[in-house]
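Okay, here's what each chain looks like letter by letter:
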Amino acid sequence: MAENGAFYRTMTRRQLLAAASAAGVALSKPAWAQSMIDLPLPGGPGARQVTTSFPQKGPMILQRTRPPLLETPFEVFDKGVFTPNDQFYVRWHWAVIPTDIDIGKFSLTVRGHVNQTLSLSLNDILHGLPSVQLAAVNQCSGNSRGFFQPRVPGGEWANGAMGNALWTGVRLKDVLDKAGVKPGAVQVRFKGLDEPVVADAPHFMKSLDIDHARDGEVMIAYAMNGEQLPLVNGFPLRLVVPGWYATYWVKMLNDIEVLDQPDTNYWTKVAYTIPDTPHASTKPGETGVKMIPINRMVPRSFVTNIASGTKVKAAAPMTLRGIAFGGDCGVASVDFSIDRGKSWHQAQLGKDEGKYGFRQWQTQLTLPGAGEYSLLVRCTNSNGVAQPDVPNWNPAGFMRNVMESIDAIAV
Amino acid sequence: MFRNLLPAVVLLGVASIPHAAHAATPFELKSVKLDLPDSDKMFPDGPGSDVINNNCIACHSADMVLNQPLLSKQAWAAEVNKMINNYKAPIATEDVGAIVKYLTAFKGAK
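Protein chains in written order, with the numbering used here: chain A, 26 to 436; chain B, 32 to 141.
Just so you know, the hints here were simulated from the structure itself, not pulled from any lab data.
Keep in mind it's a predicted model, so treat the numbers as computed, not measured.
Treat the hints with caution; some may be incorrect.
Sample of chain A residues at the chain B side, in silico, Cβ under 7 Å [as the list claims (entries may be wrong)]:
#1 G68
#2 V75
#3 R89
#4 T289
Partial list, derived from the structure: chain B residues whose beta carbon lies under 8 Å from chain A [what the hints assert, rightly or not]:
#5 F58
#6 N85
#7 C90
#8 S92
#9 A108
#10 N112
#11 A123
Here are the simulated distance ranges between beta carbons [to be verified]:
#12 A:V121 to B:A140: 27 to 35 Å
#13 A:K338 to B:G128: 53 to 61 Å
#14 B:G128 to A:G105: 50 to 58 Å
#15 A:P65 to B:K61: 19 to 27 Å
Heads up, the beta-carbon is just placed ideally off N, CA and C, and yes, glycines get one too.
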C-alpha cells in the first residue's frame, strides 16, 4: 500500500530555507513571497512553490516553469467530481507554445490516407458537426511518479497530475468520415501547435489504431466544464481519449494524419512505453523486457477529506470521503479497511456522472479505541479489476495504482 | 455513452434570455493572447555550474533538473546522453563529463 497522505503540509519559511539548502535550490527570487508546499516524496526534494502566476490558472503546484508542469493541489479533489479548469493540472513536453491564438485563423487539417484532405475552421467544427459531451478523467501516465521507490527521473508528481472534466466537442469518427478514410489505413497520428526548441528534435505526436480512432468515443473537445479550454490545457482543441492515459490527449490539436503504416515516431514508439507484464511492473535493472505503448488506465481511489496524520475521536462516528475512478471502465465498488486489510467494508458511491469520470464515495466509520490506524481504500472497476496492495515499479514511473493508505490517530 | 447536448443547449438558452438571439449558437470561442511566465533560475554555484547553465536550460527551466531525486552517476550519465541522442541537445562531447560530475556532486545518490 502507499504510505502517503492526500494532503501536504504547507511549509514555514524556516523549513523552506532548510529544505532549499539541502536540495541545493537557488532562491534567487523572493520565493517565500509565494506559499510553499512539501510533497512527501521519499528521499525528497519535496519543496515546491504554489504559484498563481500562470494565466487563466488559480493556485497550482509548480513542478516546472518552462515548459509548464503544474500539479493540482490535492484538496481540490474533495470539492466535487469535476476538477475546475483553473486548477486542472498542466503538462507540456516542448517549450515553443503559441500564446496568441486567433480563432478566425486557426484550422485543423485532416490528411494522409484519406479521400479528401480537409482544412476545418473552428466554425466548421463548432457548428458543422454534431456536438457530444462526456465526463472523463485525464491522468498523466506518470501521475504519482514521485512515490516510486527506487525513485526514477521524470516529472516528480505527487497524486495531482489528474483531473476530471465534462468535455464538449465532436466525435473524431465524424471528422474522419468527412475526410473519408481509405482502405488500408492502420493508425491515425495527432499533432498540436507546440514545437521543439531544437529544429531536428522530435515534434510531439501520438497515434491511435484506426479502429480505436473510429470507435465513436474518442472526441475532439473545444470545451471543458462548459468553457473554452485554458490555453495551457490545450486551447482551442484537444483530443479526448476516454479511459486512456493523457499522453494521447494531444493539446492544441491542429493536424490529424491517417497512416497506412504503423507510426514509428519517437513519442509513440520509444517514449511512453511500458513493460508488457502484469501491472507494467519490472525489477530495477531488469533488461530484455518487451515494451509496448502505454494504453488503458487502471483503477484508483483516494481519501480526500482528511489528511494523513489527522487526529480523530476514538469510539465516535466519523465520515470518510474521497474519489475513485475505474480507469478504462466504471467503478463497481470502493471498499475500505481499518484493520490493515483483514476486513473490508463497502463505501457508498455518489452520483454516476459517466463511467470514465471520477466517482465520489463516502462512508461513516468508528475507530473503536485510541491508537494509530492506517485506513486503506480500494477501487474495484466494472471489469472486476481491483487496485493491487503492492506498488508496481518500472523505469519510467508509469501507471502507479497501488491502494492508498492514510494514517489516522484516534484519541 | 455520450449525453445528448440538447439539455445543455436548452439550459443555456434559458439562462441567456436577455440575449435570446444567441440561443441558437450556445457556444462560441474567444481568441486568446497572453504571456506565459519564464524562469531565470540558474544552477547553484559549484564546479561545473557554468557548463550546466550553458547546456541544460535551453529546452526546460532548471527546476526540471533541481526537482529530480538523488540519482546514481550512471543514471545521470544516461539522462545527459538521452538529452543528446533523443532530444538533440547540442552539447559538446567534452562538456558531458563536467555536467555528469556536477549532477553527481549536487544530486548524486549516496
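Output the indices of the hints that this structure fails to meet, ascending. 2, 4, 6, 9, 10, 11, 15
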